[in-house]
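*Asks:* Sequence:
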Amino acid sequence: MEVKEKNSVMLELHDLSITEKKDDRFARVVTSLSFNEDDLVDIAVSRRTDFSENTLRAAIDILKNIAIEEICNGASVQFGLGYFHLNVNGVFVGDNAKWDSEKHALSVHVTPTAELRKAVKKCTVNVRGMAASPMAINSVIDVASGTTNQKLTPGAPVNVEGTRIKVEGDKEGIGIKLIKEDTKDETLIPATHISTNSPSKLSFVVPADLAAGDYRLVVVTQHSSSKVFLKEPRTFVFDYLLEVDA
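Residue numbering for the sequence shown follows the UniProt record's numbering, starting at 1 and increasing by one per position.
Certain hints may be false.
Each computed DMTMM-like pair below joins lysine to aspartate or glutamate, with the alpha-carbon atoms no more than 25 angstroms apart [as the list claims (entries may be wrong)]:
id: 1; residue 1: K177; residue 2: E12
id: 2; residue 1: K231; residue 2: E186
id: 3; residue 1: K180; residue 2: E243
id: 4; residue 1: K177; residue 2: E37
id: 5; residue 1: K22; residue 2: E53
id: 6; residue 1: K184; residue 2: E243
Read the hints as simulated data drawn from the structure, not as lab findings.
Using the sequences provided together with the hints, build the complete structure.
*Replies:* Right, dumping it as structure tokens:
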């Protein structure tokens, strides 16, 4: 589908504290909407497609299952907007080394298609100045796997780095939450699981019984640069989905 000129993204600026220049900024894309497969099907039907909702959903499920099967058999698969193939993580010692699930793992690498890369280049970009809230999460480091902005390991610690993310306040809903992407179920991290709680860093232990799936990390706080809490909580939803393995 050809991308039209009306496609655009909005950016907000944040302080770039790692440089010595006080006026250095970095930009974030403002993500106001999040779509799943059902949402995309609804949009397609609303545009008077010749296919019904059930037909579209069935086609997606069939193709998705075939793609998963072939990827798990070692194939490189183009599906949707990306190219998928397997990577091998871990070091093998010796010419006759064997697979050890404690040391080795398979992961999925995704490369955007040329069509998507071309479409993104055509987007109109608008910068609306400094973000209204200075609060931001920059990175989420899963200590067990050593990955950044990718995974969460149940029962293991996580380090979150950002700006003004200290969890404090007296309003309802304050805390660190993990929201399951498909069901929208919320898991609140107990205060006893939080070991570091500062404006620039949070450390907490992922609940050991957290179900497998994709999660969004959400921080809600009334923290401010003064000793007085903000009147209303601020909420920051991390940009990346975080995977929890079965």
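*Asks:* Run every hint past the structure and note whether it holds.
*Replies:* Hint check:
1. At most 25 angstroms may separate the alpha-carbon atoms for a hinted pair to count; K177 and E12 meet this at roughly 24 angstroms.
2. A C-alpha spacing of about 24 angstroms is found between K231 and E186, which places the hinted pair at or below 25 angstroms, so the restraint holds.
3. For the hint linking K180 to E243, the alpha-carbon distance of about 10 angstroms falls within 25 angstroms, and the restraint holds.
4. Under the criterion of a C-alpha separation no larger than 25 angstroms, the hint pairing K177 with E37 is consistent with the structure, at around 24 angstroms.
5. Of the supplied pair hints, the one linking K22 and E53 is violated, its CA atoms being roughly 52 angstroms apart against a limit of 25 angstroms.
6. For the proposed pair K184 and E243, the alpha carbon gap of about 15 angstroms is at most 25 angstroms, so the pair holds.
In the structure shown, a violation is registered for the earlier hint numbered 5 alone.
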